[in-house]
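Visitor: Okay, here's what each chain looks like letter by letter:
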Amino acid sequence: AQKITQTQPGMFVQEKEAVTLDCTYDTSDPSYGLFWYKQPSSGEMIFLIYQGSYDQQNATEGRYSLNFQKARKSANLVISASQLGDSAMYFCAMREGGGNKLVFGAGTILRVKS
Amino acid sequence: DAGITQSPRHKVTETGTPVTLRCHQTENHRYMYWYRQDPGHGLRLIHYSYGVKDTDKGEVSDGYSVSRSKTEDFLLTLESATSSQTSVYFCATFGLQGSEAFFGQGTRLTVV
Chain U
1 AQKITQTQPG MFVQEKEAVT LDCTYDTSDP SYGLFWYKQP SSGEMIFLIY
51 QGSYDQQNAT EGRYSLNFQK ARKSANLVIS ASQLGDSAMY FCAMREGGGN
101 KLVFGAGTIL RVKS
Chain R
1 DAGITQSPRH KVTETGTPVT LRCHQTENHR YMYWYRQDPG HGLRLIHYSY
51 GVKDTDKGEV SDGYSVSRSK TEDFLLTLES ATSSQTSVYF CATFGLQGSE
101 AFFGQGTRLT VV
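Chains as they are written, first to last, in my numbering: chain U, 1 to 114; chain R, 1 to 112.
Honestly, the hints are just simulated from the structure, not real lab data. These numbers were taken from a predicted model, which means no experiment stands behind them. Accuracy of the hints is not assured; some may be wrong.
[Said to hold, decoys possible] To give an idea of the interface, some chain R residues facing chain U are shown, with a C-beta separation under 8 Å as derived from the structure:
(1) Y31
(2) Y33
(3) L45
(4) A92
(5) Q105
(6) G106
[As the list claims (entries may be wrong)] Stretches of chain R that chain U covers, calculated by requiring three or more beta carbons in the stretch to come under 8 Å of a beta carbon on chain U:
(7) 34 to 43
(8) 48 to 61
Note that the Cβ used here is the ideal one computed from N, Cα and C, for glycine as well.
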């Protein structure tokens with residue numbers, strides 16, 4: 001069964017510094033996709049970044065990058081130059097290529113300090 | 001923005017009453033999902049659909065049923081609401097070749 005683990009319930013980072021949010025996953029399907037979402041205090045789910053299991057390069061979207069280590073089954077989100085507006089809950093998710101489920105981790109609360 | 005609409009947005013209901021939440025999409029996405037969000041648990045999958053009349057259970061399906069009679073609508077029913085089903089419910093959709101799941105705004109359900 002597919003599983004997503006986010007081991008950091010909460011993180012603090014100083015404004016303008018980089019931060020890494022951890023995500024590990026477990027699947028036996030060689031084809032899968034990994035996602036990161038941001039949920040600010042207003043509650044909406046905001047898509048950040050996607051990584052396919054066959055993608056050769058780590059995904060990047062502006063200040064977000066995904067540190068994809070396939071052998072270690074990790075898909076950590078790196079946020080560079082943190083901003084106060086980055087304070088939010090962050091969720092990692094996975095969807096297996098051979099299945100239909102989209103499952104999420106428990107999330108990490110990030111607080112950016114000024 | 002993707003056209004994913006949840007209704008109602010807020011609901012207070014009494015224990016033992018049936019409740020139906022609706023998710024409506026205008027994207028013609030094949031896959032639709034219902035999640036509940038509770039502190040410390042993230043988003044937990046309740047049920048999902050991979051086509052009209054094709055549904056399956058997620059990890060927390062007890063006490064919930066779903067129906068999908070047409071592509072655009074995915075209904076979540078609490079047959080007899082309990083206080084443990086007080087939660088925020090999210091609907092999401094996913095296209096056939098997509099690399100992004102689109103979310104509705106969420107429904108805050110309180111069972112008293």
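Visitor: Hint by hint, say whether it matches the structure.
Guide: Now the hints, each set against the structure:
1. Y31: 6 Å, holds
2. Y33: Because about 6 Å separates Y33/R from the closest Cβ in chain U, which is inside the 8 Å limit, the hint holds.
3. L45: 6 Å, holds
4. A92: 7 Å, holds
5. Q105: Hint on Q105/R: holds, closest Cβ of chain U at ~6 Å, below 8 Å.
6. G106: Constraint on G106/R satisfied, holds at 6 Å.
7. 34 to 43: holds (count 5)
8. 48 to 61: holds (count 5)
Violated hints: none; the structure is consistent with every hint.
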